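Trainee: Listed below, chain by chain, are the residues.
There are 2 protein chains.
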Amino acid sequence: MEFTDVVRNRRMVRRYDPARAVPAEVITSALSNAIRAPSAGFSQGWDFLVLTMTQHREAYWAATADPDDEPDSWLMGLLTAPTLILCLSDEGTYLRRYAEPDKGWTDLDEAHWPARYWDIDTGMAALMILLTAVDEGLGACFFGTPPDKHADVFAAFDIPRDRKLVGVVSMGYAMPHPKSASLRRGLRGLDQVAHYGSFGRHNPETLAPDR
Amino acid sequence: MEFTDVVRNRRMVRRYDPARAVPAEVITSALSNAIRAPSAGFSQGWDFLVLTMTQHREAYWAATADPDDEPDSWLMGLLTAPTLILCLSDEGTYLRRYAEPDKGWTDLDEAHWPARYWDIDTGMAALMILLTAVDEGLGACFFGTPPDKHADVFAAFDIPRDRKLVGVVSMGYAMPHPKSASLRRGLRGLDQVAHYGSFGRHNPETLAPDR
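For the protein sequence lines, the chains are P and U, in the order given. Yeah, the first sequence ends on 211 if you go by the working numbering, and it's all consecutive. Yeah, the second sequence ends on 211 if you go by the working numbering, and it's all consecutive.
Okay, chain P solo, but in the shape it has when bound (with noise of 0.2 angstroms):
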């Protein structure tokens, strides 16, 4: 598909169709785009954990589930997705990598980090997973896991502490669904988002070219 229409087409998908499974090259597929996401000094601190098998979609439900609560229409719709990948970031190969010689940082302190970069890579990757589901005709969805749960599955799934989980991407074929309340806040467009030579400026007239 062409990119333009995988950007457009995307959306979060909350419900599958049960009935069928993701084909193992759509996986393959995914995370062979996954891995080609940009990461700082090309660390690559990321790691995806892919759980298809029913017993261990159920076991990651199990973990992050609130024993006093009734699972929402949201949260119903995404227990029936054949396929969750975990994407987990690991911070401690982003700071022993600018500690090598050609990064030259001494030390391994998250001072000198404008960002946690480990984080936002695994998230652009966790990106690519979800634009490869609308490039090969399926739907995903990207979600948090509450933090009071992570222990529950990295225990679940022997995954090292070290390692922090950034959200999970549900993925399968799409059936209908309502549609996310967060909708009704429309798009923020460029006239807001948009800012040229200034923040306080959003006109792109200063766009003109300047040689």
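These aren't lab readings, by the way, just hints derived from the structure by calculation. Fair warning: there could be bad hints in the mix.
Note: identical chains are not told apart, hence a pair may lie in one copy or across any two.
As the list claims (entries may be wrong) - Below 16 angstroms or equal to it, Euclidean Cα-Cα: the simulated EDC-like pairs (lysine to aspartate or glutamate) are:
id: 1; residue 1: K179; residue 2: D102
id: 2; residue 1: K164; residue 2: D152
id: 3; residue 1: K149; residue 2: E58
id: 4; residue 1: K103; residue 2: D69
id: 5; residue 1: K149; residue 2: D191
Since the structure is predicted, the reported quantities are computational estimates derived from the model, not experimental observations.
Following the hints, complete the assembly by docking chain U onto the known chain P.
Mentor: The following block gives chain U in isolation, referenced to the frame of chain P:
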């Protein structure tokens, strides 16, 4: 361009033809794709500050220059970029969004969040810009601004203090430049980063459908 080709052709371009400006429609296209990145709760807490005029780009480089250091070859290359796009996140928008009734967190405590999705979503938007550059036949690079220079950058462009500068995208028509030393690390392949059913398992055979 086909989505897969865009992904495969993307690389960090660190030197640009200074004689060729980025067409205004390419910038518009890049930002139009950026605002279609996913965002938690559709918060869209991002802003993009576009610098195309020489005086504005020079103001960015002046604010971030280290007076004690000669710029290295990496930075000398980036100085040729005819366009810079500062990618800013807005944490407050996210905290307030999730205190709305349909989300139901009753306070603005950052501890509810599994990760800083404001920075991650802004990073995803930056990836959309990088990919659009490839789709349009240009090159781009995503890089960080050293934390100790942020205050000068914010002052130079009247950026509100509640924003955070997640990173900068440089864009232009690619010129040859030496390969980044980082590439010697090689791509971390699926045999390393993909795990199936448990972190210790790298065998995709567990992908066999199970219903």
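Trainee: If a hint holds in the structure, say so; if it doesn't, say that too.
Mentor: Tested hints:
For the homomeric pair K179 and D102, the shortest alpha-carbon distance between copies (13 angstroms) is at most 16 angstroms, but the shortest distance inside one copy (49 angstroms) is not. Proximity of K164 to D152 under the C-alpha cut-off of 16 angstroms is restricted to the intra-copy arrangement: shortest distance 13 angstroms within a copy versus 32 angstroms between copies. In this homomeric assembly, K149 and E58 come within 16 angstroms of each other (Cα to Cα) only inside a single copy, at 14 angstroms, whereas the closest approach across copies is 47 angstroms. Taking CA atoms no more than 16 angstroms apart as the test, K103 paired with D69 passes between copies only; the shortest distance there is 15 angstroms, against 49 angstroms inside one copy.
With identical chains, the CA atoms of K149 and D191 are never at most 16 angstroms apart, being 39 angstroms at best within one copy and 28 angstroms at best between copies.
Hint compliance for this structure: hint 5 is the single one not met.
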